[in-house]
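Participant: What follows is the residue order along each chain.
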Amino acid sequence: MTRFSTGGWRKAAAFLAIAALLFAACGGATSSPPATSQEPGASTPAESGGQIGGQLNVWTAWGGTELSAYQAVLAPFIEQTGIQVNLLTIRDQDLQLSNNVEAGTSLPDIANPPNPQRYAEWASKGIMKPLEDYLDMTAYTASTLPGLLFEDPNYGFIDGKHYLLMVKSQLKGLIWYNPKVYTGDAPETWEDMVGVSTSGDTKPFCAAFESGDASGWPASDDLANIVMRQSGETVYVDWYEGRHKWTSPEIKQAYETFGEMVANDKVYGGTNYVLSTFFGNAGDGLFTDPAGCTFMEQATFIPSFFTQNDPSVKAGEDFNFFPHPKFNDEFSGNVEGFFDTFVMYNDTPQARALMNYMVTDQAQQLWVDQGGTLAASKNITTYPDLLGGNAATILQGAKNILLTAGDYMPADMQHAYWKSLLDYTNDPSQLDAILANLDTVQAASYTQ
Amino acid sequence: MDQRILSAILAVVVMPIVLVGYIQLGEWILSRLPKRLALRMRPYVWVFPAVAFATVFMVLPTINTIFISFQNAKGAWVGFDNYRFFFTNPDTLASLKNNVLWLVFFTGFVVTFGLLISVIFDRVRYESAAKIAVFLPLPISAVAASIIWKFMFEFQPASHAQTGTLNAIIGTFGFEPIAWLINTTTNNFALIAVGVWTSTGFAMVIISAALKGINSELLEAARVDGANELQVLRGIIIPLLMPTLTVIATTMIITALKVFDVVYTLTNGAYGTDVIARQLFARIANSDYGRAAAVGVVLLVAVTPILLLNIRRFREQEEVR
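Order-wise, the sequence lines are chains A and B.
Under my numbering, the first residue of the first sequence carries the number 1, and numbering increases by one thereafter.
Under my numbering, the first residue of the second sequence carries the number 1, and numbering increases by one thereafter.
Just so you know, these hints were derived from the structure itself, not from any lab.
Check before you lean on any hint, since a few could be wrong.
What the hints assert, rightly or not - Taking lysine-lysine pairs in the DSS-like style, the calculated list, with each CA pair at most 27 angstroms apart, reads:
(1) A/K161 to A/K252
(2) B/K74 to A/K125
(3) A/K180 to A/K161
(4) B/K74 to A/K161
(5) A/K125 to A/K161
(6) A/K245 to B/K74
(7) A/K129 to B/K74
Said to hold, decoys possible - If you want the ones that stay clear, here's a sample from chain A, every Cβ over 12 angstroms from chain B, calculated:
(8) K161
(9) V194
(10) E260
(11) N309
(12) Q370
(13) N437
The C-beta atom is built at its ideal place from N, Cα and C for all residues, glycine as well.
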């Protein structure tokens, strides 16, 4: 799972010149700062963006449309620099990277970060290279969404240096609906949403939690969105960092609230269907006739599954979303985001060039234009569709952009967490035993 | 990339050359030794590469694993902590329990079906065709087989068209669809069934071969003496097949103890279906090599007696031949 991202802007003058050149070359957005010269400045060859040549090994976790979107972002970079970028899609990068580090074999030049538990160690050992080494940090911090620059170890901020380059973002916890089925206003509170009356066989909610060996993660986002809005950011952060017990009233209450959404009689197809259905098909019930359900909670990426499953459905007409309803005013400004980040593992001119390129307005805008993603840069305000724009507005207006809790737990805890939601959905009467077991895992997994 | 190609070339081309060179050199040296000494030394020269490979790639890693099992994730010595964790953590205990289920039912079904199928098909003319059908799942990788069964087990709510084969079948008889992999009374057996489906062919082939080795005059004599078929089976065939059945059973017990792929692919251990080997994998994925090694050592200790028994049986069988 991916995390962070960032938009860079106002780099060294030389770099801007290149950016402008690239913009012109592909007829992209024109909001970049004025390029005074076409002559590269006197900085290093890497930053000058001239023909650098050579090779670059990049690992991403993307496949399908996400990967082709990234390839589109890379195209002008490759053309401009002459660097051969070897893209490899590796889903379990944490395992691969840490095995390579453990074995002392070669690492990719640029890849995703490892499990956050390793940030401090890998930063101190110089395995991850700090952005300060090669990036104009003033420009970077000026252009990146403030919510992503939280100076916290989990955001890659270790000993005063940044190690994670924020390249794009997503927004989680959106309530999707079919405007042809649900014509009311966005429910303001959770009670309003749960209380929306449904007719006939239409259930209030749709959900699907199957995802291979990561089954249960979609449910974990549902729970995270409840915790942060019900009990606030302090409880939320303490909870995923292992300082807040699972058996506490706050977390127990969140499970019970989550249970209102996946109760056998409230959810489309019943709980067995929820548990055995692939998360990408969770929205099927929104488009059946008569409608199977009214609402479905999922992140900004889900429309790609809607349209993949049924190419005839259209954003705005057949599906739309509203922000997650609140529980109280105090914590209503908390949103869950997730961010894709890049880490530089080998300091080469080619790697520096790509890291710098990723946070240019050009790269950020190109990415956004491919659809299905939100920029990490706050400079990007033009979105190809209404939904993206609305999501970006929520993200920019958020008081706190909180991390995906499960991703910041030790792997043992994360899997126990995911599994607990499956078990709870399957048999809610076991809640106390489930939470007690999670406390045991918490005690064992954070100590190491 | 270049490095990997180089390694591949090394492994495929250079290694055999080195080995042949080693043998040549060994023989050359032996030929210069006094004849009696050469005779005594020759087996050692020949067996050395195999022993060296086994030591480097199996014995040393095993010893290393035992060492690691006394360390925590950061490499500090923690004594028996990892083992204490293993035997107190509810998840690993539940996994142990499921491995026992696998051990009993997987082994039982594979041996029973293997025996029944070979005995029954022994009497029909389309024997080879029938045996091929049973044998066919064996070459399918366990992951692929699990994906096939994922479709078989697929669940849709009662009001929907059933896309899973099993639920479609029971639906035609008017039963409600069952979420085979989620329902805690069916899921472990559903997983075991996949294992049985892939392994029965193996048992059948071995048992069938042993069955052909039984002298038919023996069976004729029993029948002439008035024994019915069931008595022939119980009194003659099974006792004569016993060494074979034991080898199959022990092999299946080891398979059951280290079962991973079916569980990982179909449920990933959720809904009370976890097994030890998946726990081991989860620990490695977590870079918690200490606890992973402890799981590995427990598994090794559990398998070793059965392994020894298997080897002994196998030797006995060889001697009989």
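Participant: All hints are to be evaluated individually against the structure, with a verdict given for each.
Facilitator: Here's how the hints hold up against the structure:
Distance check on the hinted pair: A/K161 and A/K252 sit about 37 angstroms apart at the alpha-carbon level, beyond 27 angstroms; violated. Taking the CA atoms of B/K74 and A/K125, the gap is near 14 angstroms; set against the 27 angstroms cutoff, the hint holds. Of the pairs offered as hints, the one joining A/K180 and A/K161 is violated, with about 49 angstroms between alpha carbons and a cut-off of 27 angstroms exceeded. The straight-line distance between the Cα atoms of B/K74 and A/K161 is roughly 24 angstroms, inside the 27 angstroms bound, and the hint therefore holds.
This hinted pair checks out: A/K125 and A/K161 have alpha carbons roughly 14 angstroms apart, not beyond 27 angstroms. This hinted pair checks out: A/K245 and B/K74 have alpha carbons roughly 25 angstroms apart, not beyond 27 angstroms. A hinted pair counts as satisfied when its Cα atoms are at most 27 angstroms apart, and A/K129 with B/K74 qualifies at roughly 22 angstroms. Listed as outside the interface, A/K161 is consistent with that label: its C-beta sits roughly 23 angstroms from the nearest C-beta of chain B, beyond the 12 angstroms cut-off.
With a least CB separation of 21 angstroms from chain B, A/V194 remains clear of the 12 angstroms interface cut-off, as annotated. The non-interface label for A/E260 is consistent with chain B: the shortest C-beta to C-beta separation is roughly 20 angstroms, beyond 12 angstroms. The beta carbon of A/N309 sits about 14 angstroms from the closest Cβ of chain B, which is more than 12 angstroms, so the claim that it is off the interface holds. Against chain B, the non-interface label of A/Q370 holds: every CB pair exceeds 12 angstroms, the least being about 29 angstroms.
A beta-carbon of chain B is positioned within 12 angstroms of the beta-carbon of A/N437; the least distance is around 6 angstroms.
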